[in-house]
Each structure stands twice: as C-alpha cells, then as structure tokens.
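Taken in order, these protein sequences are the chains called A and B.
Offset between the first sequence (1-based) and my numbering: plus 59.
Offset between the second sequence (1-based) and my numbering: plus 1006.
Heads up, some of the hints might be wrong.
Under the rule of at most 27 Å between Cα atoms (straight-line distance), these lysine-lysine pairs were calculated in the DSS-like manner [as the list claims (entries may be wrong)]:
#, chain 1, residue 1, chain 2, residue 2
1, B, Lys-1147, B, Lys-1157
2, A, Lys-342, B, Lys-1157
3, B, Lys-1157, A, Lys-256
4, A, Lys-256, B, Lys-1151
5, A, Lys-342, A, Lys-256
6, A, Lys-237, B, Lys-1111
7, A, Lys-256, B, Lys-1111
8, A, Lys-256, B, Lys-1147
Some chain A residues well away from chain B (every beta-carbon gap over 10 Å; in silico) [said to hold, decoys possible]:
#, residue
9, Phe-180
10, Phe-213
11, Arg-260
12, Ile-261
13, Val-344
Derived from the structure by calculation, the hints contain no laboratory data.
Quick caveat, the model's predicted, so the values are computed rather than measured.
No residue lacks a Cβ here, since even glycine has one placed at the ideal position from N, Cα and C.
Here is what each chain is made of, one letter per residue.
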Amino acid sequence: MTASASSRTGGPDLIKAVPVRHPGRWVGVVIIALFVFLLVQSLVTNQNFHWDTVGTYLMDVLVIQGIGWTLLLTVLSMVLATVLAIILAFMRQSDNPLFRYISWVWVWFFRGTPVYTQLVFWGLVAVLYPKIAAGVPWGPELFSFNTQDLIQPFLAAMLGLGLNESAYLAEIFRAGLKSVDAGQMEAAEALGMRRSKIMWRIILPQAMRVIVPPTGNETIGMLKTTSLVLAVPFTLDLTFVTSSIANRIYLPIPLLIVAAIWYLVITSVLMVGQHFIERHYGKGVDNLVPAPVKATQAVTAAHTTPEAAAATEEGGHV
Amino acid sequence: MSTPINDITAPHPAGTQADSAAGDPLVRIQDVHKFFGSHHVLCGIDMTVRQGEVSVIIGPSGSGKSTLLRCINMLETISAGRIYVREDLIGFREVKGQLHDLTPKQVAVQRRDIGMVFQRFNLFPHRTALQNIIEAPTQVKRVSKTSARTKAMELLDRVGLADHANHYPAQLSGGQQQRVAIARALAMEPELMLFDEPTSALDPELVGDVLNVMKDLAKSGMTMIVVTHEIGFAREVGDTLTFMDAGVVVESGDPRELIANPQHARTQEFLSRVL
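Between the sequences and the hints, there should be enough to build the whole structure, so can you do that?
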C-alpha cells in the first residue's frame, strides 16, 4: 500500500464502482465511421471535384491576396462597427433624449435596409455627391475635395459593411449592458463615480461576458458577408477572386472548394481568438477555482499573502 | 411624531465623541416626502443625525426606511422637503428660494463623502477584493495605485480579510463580501456611512462578523445610519433608535429605553414580533 492520506489515517474504503456500459455509443461510432469513409471515398474518387486544380489554386498568389483583403475588410469593418456600437449602446442608455433618439433612428435605418443596397449606395456616393465642401453656409468655402478621390472602393466597402453591422452590434451591446445587475450601477454611483466611468470600467467589462459570444457570431458572419462587396464594386476579395479564376478556367467547383477551405480556416482561427477573449472577460465569474467558503487561516495564508495579492493585482486591470 | 431638530447642547470637537451622540448635527432631514407615482412612500420625515452618532432605523418592510436612506445619497430623489449633510443641500442648489437640479458631476462630488453598504453587497464581480477597494480612490480621487493599495490592505486587515485580498467576490462567503463592501466604502474616507439592511441577505452564522465590523466602526467615531432588523445591534451599538411605519417616524429615542418601553401601539406590535 502506498503512503496515501487515507492509508495513513486508516481512512474509508474508496468506492470503485463498475461504470454503466454504453454499447449503443460504440454502435453509433461504427455507423458514423462507415458514413465518413464512404463520403471521403466519394470525394477522392469522384473526378468532378478536380482536386488537382484545388491544389493548384489553394496557394495561388491571387487567392492569398484575396484572403488578405477579405481579412482586412472583416477586421476593419468589425472594428468600425464595434466602436460605433459601443457609442450607440451608451447613447441608447443615456439620460439625454436626443442621444436616445439618434441611436434609435440609426439602428432603425441601418438594420432596416439590405446590406447589399447600402453597399451599392456607398459605391455610388461619388455620383450622388461629386464634391464635398466645408464652409460657411452661403458664405466662403473653406476646403473641398472630390468624393471620387476620397471614397475609394475599399473605403466604400468598409463603410457599407461597418455601418450596417454597427446597427446589429449596437443591439447586442445594449442587451449586454442591460444584463448587468442594477446594483452595480448603484454601488459605483454611491462611491461617487461619474456615469461615463461607471459604464466604461464597471458595466461594460461585465457586459462583455454576454456580448462576446454573439459578437463572435457576427464576426464570422461578417467574414462571409464581405463576399457581397462586388456590389460596390470592390473586386479583390476572396469570393470575387476565386469566382473570376473559375470563370477563366471554366471550372467552378474546385475554386468554390478553395474558397470554402479558406473561409473554414479563417473561421477556425477566429474561434480560437474568441475563446481567449471569453476567458478574459469571464474573469471572476466563469471557471473560478473554487476557494473554500470558510477558508481556514492556514490554507488561505499559504495561497494568498498580501504581497502576492498586490503582485497579481498589477496586471489585473481591464 | 418627529424628533426635535435643534437641541444642540454644547458643541463638541468632532471625533472625541466616540460613543455619545452629542456632536454637531451632520445630517438634517426636514419634512421629507417621496412619491413613487401616486404611492406616498415617505410622508414628512424629520430626523437629525449628529457627528459620531449611530442612528438605527427599524420598521416593517415597506415602511420607507430604505427609501429614506437612499434619498440621503441621491439614489432616490426626494419629492418635497430638504436633506442637508453638513451645510450641503443634497441633490439640489437653492437660488433665491428656487431649487435647481445638480449636474451629474455635482451629485458625484456630494456622494464622495457618503459611504453606502447595500443589502446585496454589490461588489464588482470582475474585480478582486483589493481591486474593488482601490477602484474609487484611484479613479475618483486620483490617489496613486501604490498608496491606494496600502490603504486597502489596512482596511482589509481591519475587517479581518487581509488574506483574501486576491479573491474574487464569487470566492467569498456573503459575510466576507459584505465586509469587503464596507472596506470599499471606507476607502473613500466618508464622513457618513449608510447601511441598508447589511445583514439581511446573510446566513445567520455570518451575521456576527459583519456586525462586529460595524461595531468597531461605531467605536472609532464614524457617523452611521443603519437600517436593520438586528434589534440586538440597535440596543448595543445604537445611540438613537427610530421606528418607522407607513412612511412616518412613529417614535424615536434612546434604543434601550425604546425597546424596553415602546410608547406607541405600532412599535409595541412590531417589537413583539421581531424580539
């Protein structure tokens, strides 16, 4: 016998029960394995998939550049949308009725019209407003520029996607802010904190737990919505590039597979990122190492000395 | 029905009157009314709390005692009357007899000297005990992180939780959370502490630790207004006891006397049910 705690103290006989067997699960595994085998076999043996072409174009320079543009569009429009969404959600909760109204109208408009239509309009903005000028009304013009030079297709695509997304994200952020207990606001107010500081340091970090999962959803959605930017027209993204290659070589299927593989790879990477963001904002709530409720002095002293506490506190701010 | 407002005997220097109630008036509540819609929650409350006094308010649920407490630091706005803390009119600015709302910034400034402890603790769950305590000093008073941390450790020591500084609220028991919440309020060095049923959400065996912290605080000369159901605490620590019912102060006086010998039928009935 080893010198375990129980043997030393002559402790209880630990239970070694026979677990319930699950033969059905093994049958399931066999059936699914069979189906996967058949599927893979069909994918490999069916010449119509043109796997050699998939291989040729998977790492094609144009395709890789398309991924770059798609990623850039996704990231920049999500950043734009997030910044706007935070502002919109705060405005919606504001005491100021003007802010609340503006926020409502913004969400109403950008959520209420198709993103495709919005993209077309951003592409046409130079036609609608050839020149943007700043100056005194009916007075001298301070400066002006040609819209055509300013709103390049990339910017138009980013604005179109970002502004549309901001309306959806604003609702997600609003839901998150509302999910935080009202007592948090009161406690911070009672400490003499200003409202903006309370929102930013107390309410939003707690709301992020609720906000991150649906925002991850939206980001993955955005990755694929970027394929609509041909409406602008912006023609460098992954979908447009692969379909134009497909049109050139008359082989649509392998290029669709190339695009699908890359979208899947990027989505997987984004999901890993989301996992870490969720872990960050779950601090203090999710996955806590349970501390003993009535910890004895000896145990806690070993865990947490004041110095250790102060040291970990250093990096502990959001 | 109401306590007299101005019967100051001799003014005492603040801080020396640890356990007597003879300091200068710190809080003056004058004919305060509060409506929630058509519901008349406070119906003309008069009350004075002196420097260093421990004023305990008891009464049945819905009697308005929590609302009164929340009016003192503007978590609720009063509908009529005046509340002064020192010479400051709470929540408003009076110009030639006309009241003007304070700006949010002015409200925040008034709240800084008034600490509040809630029934449900309301610690910030995403911050450790220590981070909870240094939040307001560093963010509101712009105290350096190092000195705020030193002070916070002293406060945690004072409430008996120095070895829990690095725990998140979810890792603490209710009683421990409430003691951290008291330390958090004290970190702003308030001149007045409001306790809104601080032990009502606690398991019975955890109540004592919190009451002991409050008792020590009272001994140190802190002015406290305590809404509670702990009659024992009122008797032992309170300088005055006020019984409220249906939005009015039914009676008020020395806690031991009032508990032993309540004058009003409503007080007698309430005490007979809780004692």
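Quiz prompt | 27 Å limit on alpha-carbon distance, applied to hinted pair Lys-237 (chain A) and Lys-1111 (chain B) | solution = Within the cut-off at roughly 23 Å; holds.
Quiz item: Straight-line Cα separation of Lys-256 (chain A) and Lys-1111 (chain B) no greater than 27 Å?
Solution: 12 Å, holds
Exercise. With a cut-off of 27 Å on the C-alpha distance, tell me whether Lys-1157 (chain B) and Lys-256 (chain A) pass.
Key: Holds. Lys-1157 (chain B) to Lys-256 (chain A) sits at ~22 Å (cutoff 27 Å).
Quiz item: Holds or violated: Lys-256 (chain A) with Lys-1151 (chain B), Cα cutoff 27 Å?
Solution: 17 Å, holds
Quiz prompt | Agreement of Lys-256 (chain A) and Lys-1147 (chain B) with the hint, judged by alpha carbon distance not exceeding 27 Å | solution = 13 Å, holds
Exercise. For the pair we were handed, Lys-1147 (chain B) and Lys-1157 (chain B), check the Cα-Cα distance against 27 Å.
Key: 13 Å, holds
Quiz item: Would Arg-260 (chain A) pass as off the interface with chain B, using Cβ distances and a cut of 10 Å?
Solution: 7 Å, violated
Quiz item: Is it true that the CA of Lys-342 (chain A) sits at most 27 Å from the CA of Lys-1157 (chain B)?
Solution: 24 Å, holds
Exercise. Quick one: work out the minimum CB distance from Phe-213 (chain A) to chain B and report holds if it exceeds 10 Å, violated otherwise.
Key: For Phe-213 (chain A), whose nearest Cβ neighbour in chain B is about 38 Å away, the distance exceeds 10 Å, so it holds.
Quiz item: For Ile-261 (chain A), is the shortest beta carbon distance to chain B beyond 10 Å?
Solution: 6 Å, violated
Quiz prompt | Closest CB of chain B to the CB of Phe-180 (chain A) still more than 10 Å away | solution = 39 Å, holds
Quiz item: If you draw a straight line from the CA of Lys-342 (chain A) to the CA of Lys-256 (chain A), is it 27 Å or shorter?
Solution: 20 Å, holds
Going down the numbered hints, you'll see the structure goes against 11, 12 and 13, while the others check out.
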